[in-house]
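Protein chains: 6
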Amino acid sequence: MRNVIVTGVARADLGVVDQLAELGVATVHEAIGRAGYLGPGLRPIQDGARTGGTAVTALCWPGDNLMIHAAVEQCQAGDLLVVTATSPSSDGMFGELLATSLAARGVRGLVIEAGVRDVAELRAMGFGVWSAAVSAQGTVKETAGSVNVPVSVGGQIIRPGDAIIADDDGVVCVPRADVGQALAAARARVAKEEQSRKALADGQLGLDLYGLRDKLAARGVEYVTARGDEV
Amino acid sequence: MRNVIVTGVARADLGVVDQLAELGVATVHEAIGRAGYLGPGLRPIQDGARTGGTAVTALCWPGDNLMIHAAVEQCQAGDLLVVTATSPSSDGMFGELLATSLAARGVRGLVIEAGVRDVAELRAMGFGVWSAAVSAQGTVKETAGSVNVPVSVGGQIIRPGDAIIADDDGVVCVPRADVGQALAAARARVAKEEQSRKALADGQLGLDLYGLRDKLAARGVEYVTARGDEV
Amino acid sequence: MRNVIVTGVARADLGVVDQLAELGVATVHEAIGRAGYLGPGLRPIQDGARTGGTAVTALCWPGDNLMIHAAVEQCQAGDLLVVTATSPSSDGMFGELLATSLAARGVRGLVIEAGVRDVAELRAMGFGVWSAAVSAQGTVKETAGSVNVPVSVGGQIIRPGDAIIADDDGVVCVPRADVGQALAAARARVAKEEQSRKALADGQLGLDLYGLRDKLAARGVEYVTARGDEV
Amino acid sequence: MRNVIVTGVARADLGVVDQLAELGVATVHEAIGRAGYLGPGLRPIQDGARTGGTAVTALCWPGDNLMIHAAVEQCQAGDLLVVTATSPSSDGMFGELLATSLAARGVRGLVIEAGVRDVAELRAMGFGVWSAAVSAQGTVKETAGSVNVPVSVGGQIIRPGDAIIADDDGVVCVPRADVGQALAAARARVAKEEQSRKALADGQLGLDLYGLRDKLAARGVEYVTARGDEV
Amino acid sequence: MRNVIVTGVARADLGVVDQLAELGVATVHEAIGRAGYLGPGLRPIQDGARTGGTAVTALCWPGDNLMIHAAVEQCQAGDLLVVTATSPSSDGMFGELLATSLAARGVRGLVIEAGVRDVAELRAMGFGVWSAAVSAQGTVKETAGSVNVPVSVGGQIIRPGDAIIADDDGVVCVPRADVGQALAAARARVAKEEQSRKALADGQLGLDLYGLRDKLAARGVEYVTARGDEV
Amino acid sequence: MRNVIVTGVARADLGVVDQLAELGVATVHEAIGRAGYLGPGLRPIQDGARTGGTAVTALCWPGDNLMIHAAVEQCQAGDLLVVTATSPSSDGMFGELLATSLAARGVRGLVIEAGVRDVAELRAMGFGVWSAAVSAQGTVKETAGSVNVPVSVGGQIIRPGDAIIADDDGVVCVPRADVGQALAAARARVAKEEQSRKALADGQLGLDLYGLRDKLAARGVEYVTARGDEV
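Chains as they are written, first to last, in the working numbering: chain A, -8 to 222; chain B, -8 to 222; chain C, -8 to 222; chain D, -8 to 222; chain E, -8 to 222; chain F, -8 to 222.
FYI, nobody ran anything at the bench for these hints, they're computed from the structure.
Careful, some of the hints might be misleading.
A pair counts as met if it fits within one copy or between any two copies, since identical chains are not told apart.
Restricting the straight-line Cα-Cα distance to at most 30 Å, the calculated cross-link-like pairs of lysine-lysine (BS3-like) are [as the list claims (entries may be wrong)]:
no.	residue 1	residue 2
1	LYS132	LYS206
2	LYS183	LYS132
3	LYS189	LYS132
These figures come from a predicted structure and were not determined experimentally.
Starting from the given sequences, assemble the full structure and let the hints guide the process.
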């Protein structure tokens, strides 16, 4: 019920986070039990970007980016800033100047459930951004919010210090305590998928590879021949 | 009222489909009477892709891609897989492994009224995808559906074997029986548009080229001069 | 209550408009008091485009582009065509042929609160388009509307002759009478931002640069230390 | 590829349709294999309405209700008019006068994937309407479409003569050939649900009634006790 | 480019406005050339409400209702308050206390392109509200905006002093200068519709009443008989 | 990363929750610092309902209500069931039978970020439901999820045992540990609002009551007189 800025947040192990980032969002999401995905509403502003970092969270008022400025001070190298608003907003709460400030601190990128602007400049800087919108609409700096409290983004709960992985497929959050287990599971999945890829490339069917024919039969799916006269 | 996998579906003539693909979605859509367009909600995952093929359809449960695996077996060279769900879904029902499997069978691409993932890999493969979303959200393989039944996608009815043309403008469906007539009409349209393009480039107005001045007058549209003081 | 085509519309000073375009949408929007932005729903069909021009407006019936043809005749070099519909529509009201016609007249681009098609061709032409959708859905030419009347696009009022600036961040409208004042304010803002950029790149915080620490305190935002056991 | 008005359409047995209507949308939808539901986007304009009828379909241009007038003539007692547009539209294509005309022919109601107006008058008439929107926006009568062709509404395919059931839960379509089988299955479901209702009211759990405990265990769901200190 | 509160605004003739309100939104919208409708997004919070008044406009920052308070002072008996925000917002900017204040001044109701709260209390008061959302989300009073400037709501331009009519079909705006002409046209329409209603109730078809058979034929619509075997 | 059913969850004090419910959603939301509101997307299925309870949470797979059945067993008198899905879904996951089961256990109602069906029966039962949709679309019982884990609904985090208050304005969540403080703050607010209501009813302005005139001046808002000739 108070607005707070939480300092001294424990972060997920950055070495592990970096390895998760190499494996990519879809793999990590599967590895943690098909969990933590922030939904298709957060899109990268440029193709081919991939990054990972530890979450610093900012909860802002709509049309107001005061708390982003407060959050910058809490960011350190290896962090990824995660921003949302108390009400849905597409306003351009973040642009080139804030990115300059974050880049100077070694922050890896931004995940924002709102809008960003100066996208041409952000692309030129190579600053990774995943956002809900691109919007030039400016904001004020008037109303309080919080930094480094748990936030809800895209239907997921993100706690400060969690691992955030982002690539062309979107953004996934791995709880801080789970990154080690996630990495092991993700690596196992990659190994298994490599085998599947070869089998499928050789023409084997998923129906056989994954044993799905029995499933179809058990669920009453019938094979029927097309009638010649169907329209 | 049963879940079925229909085999032995008759396809539109692939030679004709290929020629339709060369003419592009907008032209084909106009040629068949401004019909068959699957709407602006299906977007390509990469710019500049253009393809055509014959439809194999899969009707899935939301959050479940079991029937895509069943559909792969029904696909042959020249097909284009068309996937939808019984309820709206943006989940990532399709990714690199399924694309590998389809590519091994000579399938030309995917049209999916849901999400896809592994988009970086799909782009690298050059596998054409038109989807309603990009999403890493994974799916299960538990619930029955159907393959090669008529489906509704983007407000259009697609029957297995119909021609599907897809490019930067989206996706259009041409009924199997109509592809020949569509090709003739599309070619006529291209020829006519070539003349219009030249006239317009030379400065002629559409008002004159299409005889629209009388239409405007008949509908009571009046020409008035701006007042000097208007704000 | 009548449908009209207004001729002889006064335009904003094109020399000033061109200078505003160089400064970009976000800067101009801020300079005129965080006003005039047409919202995140209008997106460019190609990255990196930036243009400015004077508005010719067309108000169409949904599914009908008759009034775009009427508007072309009212366009002159330096204009930017602004199109909307009396009801929301995503149909492809505009394509390559209309772009050819506009380009022949020296028009700088299109802003349309509806759909466009032939986007591959439009990109190849280098014709700048900001639209609410890409759609191949064709339209008819049957129903009257108006040209060069004030229109509402993206929650903003655009009057014929106003300055329109468009880039990767979207589209902003500057009232015709305000372009001079807007340019002065925009230049002042650019100068100020250049200083801020340097300070921030050197590691100074926005909290200090903009004097926000007192604001936070005045609003009761408290700094608290993370508990070690939080999950 | 032509615009047609199909006459002499065979209808589902109206006696059976009436009995389906008594059982309600959810029951019928389940009885035909969880199929045919037109989605949550179609809402009744008044609470407590329930009806059934045989489909006459009209496919209109957006912003244009010409084909509704053509469809009225094809309607007979016991029919339910089903209207959609070639592009999404929320315009008020239907109002009191059309309802008066339909009521005079014994038509049971309207299902429209667009808007209606005069809703106060429609409610006073007791004319059942399920629509995607309420909108006063008027339409023209200029552009051709079709009557009694298969249409796609809410992701479902509706063929003329199919049974349409509508109540507070929305609208379901039962293929004409399946109404008898649907009625038998729906009655069986009602009988079974009556038993379930009693058991559940007596405090029995669905977990036991439906044998779900084994399912949970088989899927690895674990029971754990809440930690006393969780926040 | 300044934030202003405009005083001394001229209003439409309230006697005429009251007569327009009796005729209803759909009729008035048609009478002024199918114009001025604020779209299906604005819905009444209670069925059966109907009112009319002269517009006082308030333009607010998202999440901020400061300017509504400023607008109240500009309201007089017969007015209807019209509120929008500089960015889309669904927050509950208005509730029982503001309604109490407006009711004390004789204001007829509220049209708001945002949210309202205390809807149970507002219904009990009989205070007419047409809003884009119901939301308890509170707002602050921090950021400047304007009162009695032209605003864009639902794609329409509303100027202070314009006539606003609202009922179950939504909201329509009639420009101040046009109310007399609108009333005459609306009355003529009502008289004509009364005749049409009788004819249609007697079984005459719109096809004949409006002379649409020729239109269908001219547009190539063909009558065809259903094939007996169609599925 | 596991699917769990958490038992023995501590609940907020039900006596306090009941008193919060009497004060209503908007008041409680304000009292806890304009926090905890689940957004305008969750609407009651009947007007005038108001309830409060302690949260039991269920996290389901889209199109699957298995975990609702598991959650019922965890519910006790005074609880309110809160359901969401791992991906957005509007399917009718809940209906009359589940309500019968919950009512038998003394559960006060349902908050569901998905669809419900049998709404006529639910209204007749007087079972309070706040949902994102009404939909007859049925679901399966195949895929695991969790019960009584923290969930994200409408952008808010809900933990099992939290207080949930719901009325015509929507739904608010108060953290379990904060209900006592919330009640005190809410009562203070009610008392203050009662005074404001009287002052406003007597014609006092919010501008004076809340001291807003200085705020407007400080922000540069200017009073200007309308020009007589403005259009």
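Does the structure break any of the earlier hints, and which numbers would those be? The structure conflicts with no hint, since it agrees with every one listed earlier.
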